Each structure stands twice: as structure tokens, then as C-alpha cells.
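*Asks:* Let the sequences and hints guide you as you build the complete structure.
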Amino acid sequence: MIENLSQKQFEKALQDLGNPRGKQAEFLKVHAQSSGRAMTMKRLAEETGYRSWRGMNLQYGILAHEIGIAAGLREEDFPDPNIILLVDFVPPVHKSADNISNSEWILIMKEPFVKALKAVKWI
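Under my numbering, the first residue of the sequence shown carries the number 1070, and numbering increases by one thereafter.
Treat the hints as calculated values from the structure; they're not laboratory data. Computed from a prediction, not measured in an experiment: that's the story for all the values here. Backbone N, C-alpha and C fix where the C-beta goes; we use that ideal spot for every residue, glycine too. Among the hints, a few may not be true.
Ranges of calculated distance between the beta carbons of each label pair, as one might list FRET restraints [as the list claims (entries may be wrong)]: (1) Asn1171 <-> Gly1141: 32 to 38 Å; (2) Glu1115 <-> Gly1087: 24 to 30 Å; (3) Arg1143 <-> Ser1103: 27 to 33 Å; (4) Lys1190 <-> Ser1103: 16 to 22 Å; (5) Ser1121 <-> Ile1177: 18 to 24 Å; (6) Ala1188 <-> Gly1105: 32 to 38 Å; (7) Ser1104 <-> Asp1146: 15 to 21 Å; (8) Glu1145 <-> Ser1121: 18 to 24 Å; (9) Pro1148 <-> Gln1084: 29 to 35 Å.
*Replies:* Quick look at the structure:
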């Protein structure tokens, strides 16, 4: 299982895919420009016009799969879920004296992915 691609691998894959389709450029730009490159799927969906986090999750997962294939990954090399190629997850944590709380998964866009998106002018 592969979870990390280099900036160059991302760049090549994005170039091979051509121009972003549908709302891809919009949701990638919103996510990349968020504070710390961190957002929940719910907030990302709200800011980019998706009806729910489910549709946003589906589109992000499809894009991750397409990028993985373009980068030369075989199906058995994909992480589960596919989106781990593009983001790191912060799980929900209940509020305590030791930490602040987040009730939803937070997705942090991986830095090599952000740099590649900018390099190939997807965002």
C-alpha cells in the first residue's frame, strides 16, 4: 500500500489527467487555501456548492483514484480510502482538559499535492 507520492509524481499525474473537470478546481482551491490546508468534508461541501459531505467525499475519492492510476499505482497499491493519497486525516476527538474538540474528521491536504496543483496550474 502506498500513501505518499512526491510532488513530481503528483505533477506528472495531474498533467496526464489534463484540465480539472466539474468542480474539481474549485474544491481543490478552497481546500488548499484554507487555514493550515485543513477542512472537514462538510465545510468543504458547503463552500463549494455540494448538497452534502457525501457528494464531496465521492468526488474527492474519485479524483484520488484517477491521480493514483495516472501516477502508475496498481489497484492493490491503493490505500483505503483512496483519498489518503491526497490528504492526511485528523480523527474526531472529544473535548477534554487535554485537547480542544472536533466532532468531524479533518482533512489536511498534503503539501506535495498542494505544490503540484500550483505547479501545473490546477489552482
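*Asks:* Which of the listed hints are not met by the structure?
*Replies:* 6, 7, 8 and 9
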